[in-house]
Amino acid sequence: MSAFVNHFAFEFRTGVRNKTLLMMNYLLPLGFYAMMGLVMTGINPLFLETMIPAMVVFAILVATLLGLPDPLVTAREAGIFRSYKINGVPAFSILVIPALTTMLHTVVVTVIITATAPLLFDAPPPANWPGFVLTFLLMAFACAGLGALIGVISPSSRMTVLWSQLVFLPSMLLGGMMLPYSMLPEAVGKAAQLLPATQAMNAFRGLAQGLPADFDPQASLVILLASGVLAFGLALYLFNWDRRNTTRRGHPLLALLALLPYVMGMLFA
Amino acid sequence: MKDPVIKVRGFRKTYGDFVAVDGIDFEVQQGEIFGLLGPNGAGKTSTLESLEGLRAPDGGSLHVMGVDPARQARKLRNVIGVQLQTSGLPDSIRVDEAIKFFCAYHGVAPRYDLLDRLGLADKRRAQYYQLSAGQQRRLALALAVAHDPPVLFLDEPTAGLDVPSRVELHNLMRELRVAGTTIILATHDMAEAEEMADRVAILLRGKIAATGSPLELTATGAGLTKVSVRTKGSSLSEPSVTFPAVSQQVFKDEYSIYFSTDIGPTVAAIIAHVEAQEDTLIDLRVERPSLEDRFLEITTTGGAQ
Chain P
0 MSAFVNHFAF EFRTGVRNKT LLMMNYLLPL GFYAMMGLVM TGINPLFLET
50 MIPAMVVFAI LVATLLGLPD PLVTAREAGI FRSYKINGVP AFSILVIPAL
100 TTMLHTVVVT VIITATAPLL FDAPPPANWP GFVLTFLLMA FACAGLGALI
150 GVISPSSRMT VLWSQLVFLP SMLLGGMMLP YSMLPEAVGK AAQLLPATQA
200 MNAFRGLAQG LPADFDPQAS LVILLASGVL AFGLALYLFN WDRRNTTRRG
250 HPLLALLALL PYVMGMLFA
Chain L
0 MKDPVIKVRG FRKTYGDFVA VDGIDFEVQQ GEIFGLLGPN GAGKTSTLES
50 LEGLRAPDGG SLHVMGVDPA RQARKLRNVI GVQLQTSGLP DSIRVDEAIK
100 FFCAYHGVAP RYDLLDRLGL ADKRRAQYYQ LSAGQQRRLA LALAVAHDPP
150 VLFLDEPTAG LDVPSRVELH NLMRELRVAG TTIILATHDM AEAEEMADRV
200 AILLRGKIAA TGSPLELTAT GAGLTKVSVR TKGSSLSEPS VTFPAVSQQV
250 FKDEYSIYFS TDIGPTVAAI IAHVEAQEDT LIDLRVERPS LEDRFLEITT
300 TGGAQ
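Residue numbers (numbering that gives the first Met the number 0), protein chains in the order written: chain P, 0 to 268; chain L, 0 to 304.
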């Protein structure tokens, strides 16, 4: 337990100490929030309705998809996991602790956004706090799982950026943060359901903000939970201590199975 | 004789079609410093990493304190300490955090005293990337010995160290040996191996080309012993003067230098000749072939003995 707590404390401090992680965990989400609050609310007053969930989803996406994977890849490439293996650091801790500390950083950012947006920009606070917290936790869990999975399967930092952007950029455009889901063409909307951001924004609308959901918000929660469980399970299964002369337990493309709940949701929800 | 601490039998490691280690055997006794030498690609790293549990052997057996590294990882980590060649630490970890972190995973109290011992006390709050290469290696060593492992693997431990750090590290190794720690030392530094190791094995193309104490190895080679002589007069300056067992002779910086295959008769004849010429001996030095000479001889002749 002491080792886990020590490891957790070190990883949490790293999230602030490391300049790149500080940028991903705090500066970019909060800077973007301030900018959107100042600019977007003037251009599109309807944005205020979902400003808090949208900024929270953005913060989660940046921290988990852009911040979390690369340190995992870098550590593996630098032989740090070899040293961890020799000294008894379990693979579970290597994957789960950074994911948990990243989630904790997003909690801090979420508290800042939720506390200040009503005061600074007149954004409506969540109407249903338990729904808001539950949706936040499941979105953070699902995205942290995806981030860990990307870190595990990615062979290099360059590929990490590619994999991360494959989820991040469509999420920004189609995830319901900037543009409401209802305004998307039907086919594009269906495709957008493959993104965690779409599911989270739908759940936030229906379960937290007191707005009409675009599709079943409970199903969105189930999809996020299932995706998170699958992503973490796959990350642990595909985890490699060392890329040199070792064989993986499974092909990296198995990671696509983490998207299965979204596909099921798109087809049946 | 007690059971060896490390027992390697018919160990084989392959990567696809490439045979990195081809059925080697060796044993290491408790309290020994055992040098693992060889050129790049000889199989040292594969052997070390298999003993450390990082790789599974493709044949033969390995045991460290009776533990099979490939199958008993939990037991293994309590009996070995490893100073890896690569960094092994995140850039942002502080020195004191690293000690706390690794000691916690080994279930022992943090060994901050090692930081004083290894000259890192004033770097306690420094992050890993802020340390010099030598300081990073000293920290890696502190982490490797923090849980008092009975077996220690050191991979190029003095690479990048300045002279005082190197001396301090060698002193620490000697203390550990006296305390009963078994040390496997992989190094390219032949002087270090000759000075520190009780026994060495020279690996070549996946096989052990030679094994024994540094003294035994240097004695069994075809290397010539160098005899350098300086006299007051010119009794040795005449090229026609020859001595028994000398295969080559040169003159350099007022010294007559002879390369002998049999040192006894050569030295005796030189002294007798100088005395007979009523000359005075100023300096006489005998230099046996070094481990480095023997290593080069083995690696260039392909290990034929």
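Hints were generated in silico from the structure; no laboratory data involved. Be careful, since some hints might not be right.
[Said to hold, decoys possible] Here are the computed lysine-lysine pairs in the BS3-like style, where the Cα-Cα straight-line distance is at most 27 Å:
no.: 1; chain 1: L; residue 1: K74; chain 2: P; residue 2: K18
no.: 2; chain 1: L; residue 1: K6; chain 2: P; residue 2: K84
no.: 3; chain 1: L; residue 1: K6; chain 2: L; residue 2: K74
no.: 4; chain 1: L; residue 1: K231; chain 2: L; residue 2: K206
no.: 5; chain 1: P; residue 1: K84; chain 2: L; residue 2: K251
Only a predicted model underlies this, so the values are computations on that prediction, with no experimental measurement involved.
So, going through the hints one by one against the coordinates:
{"no.": "1", "hint": "K74(L) <-> K18(P)", "result": "violated, 38 Å"}
{"no.": "2", "hint": "K6(L) <-> K84(P)", "result": "holds, 22 Å"}
{"no.": "3", "hint": "K6(L) <-> K74(L)", "result": "holds, 16 Å"}
{"no.": "4", "hint": "K231(L) <-> K206(L)", "result": "violated, 51 Å"}
{"no.": "5", "hint": "K84(P) <-> K251(L)", "result": "violated, 55 Å"}
Violation of the numbered hints given earlier is confined to hints 1, 4, 5; the remaining hints are satisfied by the structure.
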